[in-house]
Amino acid sequence: MTVLTQTHSRTRGRLAAFLARAFARPSFVIGIAILGLSLALALFPQLFAPYDPLAFDLHAIQQGPSLAHPFGTDNFGRDVLSRVIWAYRVDMQMAFFATIFALLIGLTAGAFVGYYGGIADVIFGRCVDAIITFPFLVLVIAIVAVLGPGLVNMYVAITAVNWVYYARLTRAEIMAQKANDYAAAGRVLGYSDRRIIFRHLLPNAISPILVYWMTDMALAILLGSSLGYLGLGAQPPAAEWGVLIAEGRNFLMTAWWMSLMPGIAIVLTGLGFSLVGDALADLLRPKGR
Amino acid sequence: MGTTEKAVVLDVRHLRTEFGPQDRPLVAVDDVSFQVGQGEILGLVGESGSGKSITLRSILGIIRPRGRVAGEILWNGQDLVPLDEARLRRIRGREIAMIFQEPMSSLNPLLTVGLQIQENLVAHTNLDAKARKARAIELLDLVGIPGARNRLDDFPHEFSGGMRQRVMIAIALASNPKLLLADEPTTALDVTIQDQILRLIQSLSRDLGMAVILVTHDMGVVAETCDRVAVMYGGRLCEVGTTTDVIADARHPYSLGLLRSIPRDVAPRTPLYSIPGAPPALNALPPGCAFSARCPVAGRECPDLRPTLEASGSSRLVACHHLQDAQAHFGPREAAQ
Amino acid sequence: MTMPTSASTTPLLSLRALSIQFEKRRSLSDTLARRPQQVVSAVNGIDLDVMPGETLGIVGESGCGKSTLARLIAGLHRPTSGDILFEGESVVGLKGTRRRAYNRRVQMMFQDPYTSLNPRMTVRDTLREAITVHRMREGAAIDRRVDELLDLVRLPEGAADKFPHEFSGGQRQRIGIARALSLEPTCLVADELVSALDVSVQAQVVNLLIELQDELGLTVLFVAHDLRLVRHVSHRVAVIYLGAIVEIGRSEALFSKPMHPYSKGLLAAAPSLDPGARRRAPALSGELPSPLAIPPGCPFHVRCPHATERCHREKPALRPVGSGMTACHLAERIGDA
Numbered sequence: 095m096t097v098l099t100q101t102h103s104r105t106r107g108r109l110a111a112f113l114a115r116a117f118a119r120p121s122f123v124i125g126i127a128i129l130g131l132s133l134a135l136a137l138f139p140q141l142f143a144p145y146d147p148l149a150f151d152l153h154a155i156q157q158g159p160s161l162a163h164p165f166g167t168d169n170f171g172r173d174v175l176s177r178v179i180w181a182y183r184v185d186m187q188m189a190f191f192a193t194i195f196a197l198l199i200g201l202t203a204g205a206f207v208g209y210y211g212g213i214a215d216v217i218f219g220r221c222v223d224a225i226i227t228f229p230f231l232v233l234v235i236a237i238v239a240v241l242g243p244g245l246v247n248m249y250v251a252i253t254a255v256n257w258v259y260y261a262r263l264t265r266a267e268i269m270a271q272k273a274n275d276y277a278a279a280g281r282v283l284g285y286s287d288r289r290i291i292f293r294h295l296l297p298n299a300i301s302p303i304l305v306y307w308m309t310d311m312a313l314a315i316l317l318g319s320s321l322g323y324l325g326l327g328a329q330p331p332a333a334e335w336g337v338l339i340a341e342g343r344n345f346l347m348t349a350w351w352m353s354l355m356p357g358i359a360i361v362l363t364g365l366g367f368s369l370v371g372d373a374l375a376d377l378l379r380p381k382g383r
Numbered sequence: 429m430g431t432t433e434k435a436v437v438l439d440v441r442h443l444r445t446e447f448g449p450q451d452r453p454l455v456a457v458d459d460v461s462f463q464v465g466q467g468e469i470l471g472l473v474g475e476s477g478s479g480k481s482i483t484l485r486s487i488l489g490i491i492r493p494r495g496r497v498a499g500e501i502l503w504n505g506q507d508l509v510p511l512d513e514a515r516l517r518r519i520r521g522r523e524i525a526m527i528f529q530e531p532m533s534s535l536n537p538l539l540t541v542g543l544q545i546q547e548n549l550v551a552h553t554n555l556d557a558k559a560r561k562a563r564a565i566e567l568l569d570l571v572g573i574p575g576a577r578n579r580l581d582d583f584p585h586e587f588s589g590g591m592r593q594r595v596m597i598a599i600a601l602a603s604n605p606k607l608l609l610a611d612e613p614t615t616a617l618d619v620t621i622q623d624q625i626l627r628l629i630q631s632l633s634r635d636l637g638m639a640v641i642l643v644t645h646d647m648g649v650v651a652e653t654c655d656r657v658a659v660m661y662g663g664r665l666c667e668v669g670t671t672t673d674v675i676a677d678a679r680h681p682y683s684l685g686l687l688r689s690i691p692r693d694v695a696p697r698t699p700l701y702s703i704p705g706a707p708p709a710l711n712a713l714p715p716g717c718a719f720s721a722r723c724p725v726a727g728r729e730c731p732d733l734r735p736t737l738e739a740s741g742s743s744r745l746v747a748c749h750h751l752q753d754a755q756a757h758f759g760p761r762e763a764a765q
Numbered sequence: 003m004t005m006p007t008s009a010s011t012t013p014l015l016s017l018r019a020l021s022i023q024f025e026k027r028r029s030l031s032d033t034l035a036r037r038p039q040q041v042v043s044a045v046n047g048i049d050l051d052v053m054p055g056e057t058l059g060i061v062g063e064s065g066c067g068k069s070t071l072a073r074l075i076a077g078l079h080r081p082t083s084g085d086i087l088f089e090g091e092s093v094v095g096l097k098g099t100r101r102r103a104y105n106r107r108v109q110m111m112f113q114d115p116y117t118s119l120n121p122r123m124t125v126r127d128t129l130r131e132a133i134t135v136h137r138m139r140e141g142a143a144i145d146r147r148v149d150e151l152l153d154l155v156r157l158p159e160g161a162a163d164k165f166p167h168e169f170s171g172g173q174r175q176r177i178g179i180a181r182a183l184s185l186e187p188t189c190l191v192a193d194e195l196v197s198a199l200d201v202s203v204q205a206q207v208v209n210l211l212i213e214l215q216d217e218l219g220l221t222v223l224f225v226a227h228d229l230r231l232v233r234h235v236s237h238r239v240a241v242i243y244l245g246a247i248v249e250i251g252r253s254e255a256l257f258s259k260p261m262h263p264y265s266k267g268l269l270a271a272a273p274s275l276d277p278g279a280r281r282r283a284p285a286l287s288g289e290l291p292s293p294l295a296i297p298p299g300c301p302f303h304v305r306c307p308h309a310t311e312r313c314h315r316e317k318p319a320l321r322p323v324g325s326g327m328t329a330c331h332l333a334e335r336i337g338d339a
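Protein chains in written order, with this note's numbering: chain A, 95 to 383; chain B, 429 to 765; chain C, 3 to 339.
Treat the hints loosely; a few may be bogus.
[Unchecked claim] Simulated crosslink set (DSSO-like; lysine-lysine; CA at most 27 angstroms straight-line):
1. C:Lys317 <-> C:Lys259
2. A:Lys272 <-> C:Lys97
3. B:Lys606 <-> B:Lys558
4. C:Lys317 <-> C:Lys266
5. B:Lys606 <-> B:Lys561
6. A:Lys272 <-> C:Lys164
7. C:Lys266 <-> A:Lys272
8. B:Lys606 <-> B:Lys434
9. C:Lys317 <-> C:Lys26
[Stated by the list, open to error] Computed Cβ-Cβ distance ranges for the label pairs, DEER-style:
10. A:Phe292 <-> C:Asp153: 29 to 35 angstroms
11. B:Gln466 <-> C:Ser170: 39 to 45 angstroms
12. A:Phe112 <-> B:Arg515: 46 to 52 angstroms
13. A:Val246 <-> C:Ser170: 51 to 57 angstroms
14. C:Asp276 <-> B:Ala756: 57 to 63 angstroms
15. B:Arg515 <-> C:Ser292: 43 to 49 angstroms
16. B:Pro537 <-> C:Leu218: 47 to 53 angstroms
17. B:Glu547 <-> A:Phe292: 48 to 54 angstroms
Just so you know, the hints here were simulated from the structure itself, not pulled from any lab data.
Cβ coordinates follow ideal geometry from the N, Cα and C atoms, glycine included.
From just these sequences and the hints, can you work out the full model?
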């Protein structure tokens, strides 16, 4: 038992050291601050939003930013700030759900073909070629068009295309790790393939994939709001940044804040993911020998 | 060091190369002095981190990451240390040439071998195009590449490792250098190929009167190739002498230990002499003798008091406070074998 | 210490006409142009018996197939033809439990100290994993065994909870040895165990290996290119050229009087520590032919100074010559020369 706790405290020491290095980077601190705030807004919008995001106020239609409505109001008198805040819930969800399944499927498939190679790898290579020759957005739109609009269908569509990118990355990383002798050592020690893949290769291969995941979540928000804007993603009256921008597009001259404010939220959140991803890429880079 | 009968071409005095911040520098080469005579092959031996390669690179001013070089490097009487890049370039590649451990990464993969030799001829000779081509063939022939005429238009990847090293030597020879710096030129090669390259370097040195500094970690390579040897440890010289003398009768405990740890004339499967511990990191060197932490005869003063390189007998320099103890420690074993 | 009496025991491990070929990946243009599939013959019909308790040295130049042979024996490759018998039973293509059982008895140690350990696992995790997967110990005995193993390979206390990057190259190789020993194997395959280490550290690891072998009664296949080391640790030695054994015999006999011209050249090319024994000409000319196109007849004839017309035509079989076996038509004549 004492041994176990020792190992534990050592691991904790390492984590502390890692966090200390991370927080010494301004980009990481800013990124984490943005993401932390975004998460808080997504989890507890009711604590932050001053108004009900769906409540009409016909006395306050399309008012510019003021103390009462810092982001102004929309064409139904709804408070834009509250709608942007409630949209965090939808958009942060999109960032997560549009990528997590792609990540999991891609990791498994990529690890499998990267480790075994052979005919599975050849078939995989052809699939990848076929999928990535289509423009990403066009392919996703086509799938949503078949399945019908809505958030869940959008997740399905994005995952169907996006997993390929994770799989390709994972395959390359696993193949690089497999060339190391510790993988051969594992085989000589009689370990099962599953153990070698998941306990040895994947932990060493995963850093660049996690970094990619971070930036991909930023892209997922952009993609999700694009689809929302086109009416293929989240459906009105739900508050989602792409939907909000679409609602404001007819009033760009008269009520610019309706589109600008959610636009800023998109840029800011995307920036948060990118900063954290960049910082992680530097931090997780293996130390020199 | 001094008693080479040949004229001294390179005289390195108190060379010091350091990296990193001024106040807490990493000293890779520390107070290293040696001379190389005309047509002489000097071996610079040491383990990883001993500063042997940095010493070599300091001579040409090509250390990376950029370090600070102090001391004097007298090339035919001219000090190379204060020279600017442009003046250094006139000497580099022309009078002093260098070859490296990895012949593949030191050749341009996109240019034919012929072009790469001729490039060097353009830079350092006045030959016209036709003469350059003839000279390139001559050089490839000189370094023992079969069918030299037909190989001018080949790319580096069409040569084997040993042949690439020959090509590197041909390029280096293009300017008729007076000194060849060879940084572990055979470490990446197999023994039979290593043997071929070493014999080539030896014959070129003899026939062209070219001095050579050969950096290696292998005492065997020194024994078979070099006229004199300088043993480095932790960025400092610990012993300098003629190869025959040092191999037969090493004085410094490190040279003694290194030679003793190589199996020769010992009963099979008996324990080899081994130097305890591992080579030190450059940022963890004691103020005194760099070897003191691993030395079997180190006294209390050794970690703090730095031994200077002093004459021990004729044509031998050793830096050790305990020469007698070292002889006594290693001596009986020698007798027992 | 003593040479096991090979006559009285049955071999622990037998290779029977063992061969492996790798198909070179064909590019699309090759396929379209209907160029034939290129095949690398890495190991070509090797017959070998390894006696229990002996150390068999396997030497040759890079690309000769010695590493592939080591990996074949460890079960990392599947032979194209031929058989591997362990205690009389074929172990080719084993799966699942039976394969695990074989690998518990036959373990391997790798050359590169930097890539052969999982960088994200502590030494304790690495050893615990091997012990638990094979149920070598249970419960608290596992950690006791980890300490025991680290003690066995002379790693300092407190090493268990460190990560590989916190160790020197020599220490990492000790961890690799401990990992192999954790399964209490009968046979160890050491693939260039010390060639990546500094000379002063090599002796430590070699001493450890010999000690452990004598203590635990292990059979060792010592694959290396350093002839001095192979001579020191091996009871018997096999010399490999282009994937085939050209000579095999008792270590002392083979090294003092090699019979095959390749063994002769290899021994002469290895740098000796005797500056008096210098040669002007290389010991062996030419280079190892590509394993894509092994010459017909005796594979060595293109480099052999003695080759006759028969050697171009007819491949010599391994046959008894002197005290060992040699694959050369002219062994008697050359060996006595």
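Checked hints:
For the hint pairing lysine 317 of chain C with lysine 259 of chain C, the CA-to-CA distance comes to about 23 angstroms; that is within 27 angstroms, so the pair holds. Taking the CA atoms of lysine 272 of chain A and lysine 97 of chain C, the gap is about 20 angstroms. The hint holds against a cut of 27 angstroms. For the proposed pair lysine 606 of chain B and lysine 558 of chain B, the alpha carbon gap of about 25 angstroms is at most 27 angstroms, so the pair holds. For a cut-off of 27 angstroms, the pair hint linking lysine 317 of chain C to lysine 266 of chain C stands: about 19 angstroms separates their Cα positions.
Proximity of lysine 606 of chain B to lysine 561 of chain B is assessed by CA-CA distance (about 22 angstroms); at most 27 angstroms being required, the pair is judged to hold. Using a Cα cut-off of 27 angstroms, the hinted pair lysine 272 of chain A and lysine 164 of chain C holds, with the two alpha carbons roughly 23 angstroms apart. At most 27 angstroms may separate the alpha-carbon atoms for a hinted pair to count; lysine 266 of chain C and lysine 272 of chain A exceed this at roughly 38 angstroms. Distance check on the hinted pair: lysine 606 of chain B and lysine 434 of chain B sit about 13 angstroms apart at the alpha-carbon level, within 27 angstroms; holds.
Between lysine 317 of chain C and lysine 26 of chain C the CA atoms are separated by roughly 25 angstroms; this keeps the pair inside 27 angstroms, and the hint holds. Between phenylalanine 292 of chain A and aspartate 153 of chain C the CB atoms are about 31 angstroms apart, so this pair conforms to the stated range of 29 to 35 angstroms. For glutamine 466 of chain B paired with serine 170 of chain C, a C-beta distance near 41 angstroms keeps the hint of 39 to 45 angstroms intact. For the pair phenylalanine 112 of chain A and arginine 515 of chain B, the beta carbons lie near 49 angstroms from each other, so the given range of 46 to 52 angstroms is met.
Distance hint for valine 246 of chain A and serine 170 of chain C: a CB-CB separation of about 55 angstroms, consistent with the stated range 51 to 57 angstroms. For aspartate 276 of chain C and alanine 756 of chain B, the Cβ-Cβ distance of about 25 angstroms falls outside the hinted range of 57 to 63 angstroms, so the restraint is violated. Take arginine 515 of chain B and serine 292 of chain C: their Cβ atoms lie about 46 angstroms apart, and the range 43 to 49 angstroms holds. Proline 537 of chain B and leucine 218 of chain C have their C-beta atoms about 49 angstroms apart, which keeps the hinted 47 to 53 angstroms range intact.
Distance hint for glutamate 547 of chain B and phenylalanine 292 of chain A: a CB-CB separation of about 52 angstroms, consistent with the stated range 48 to 54 angstroms.
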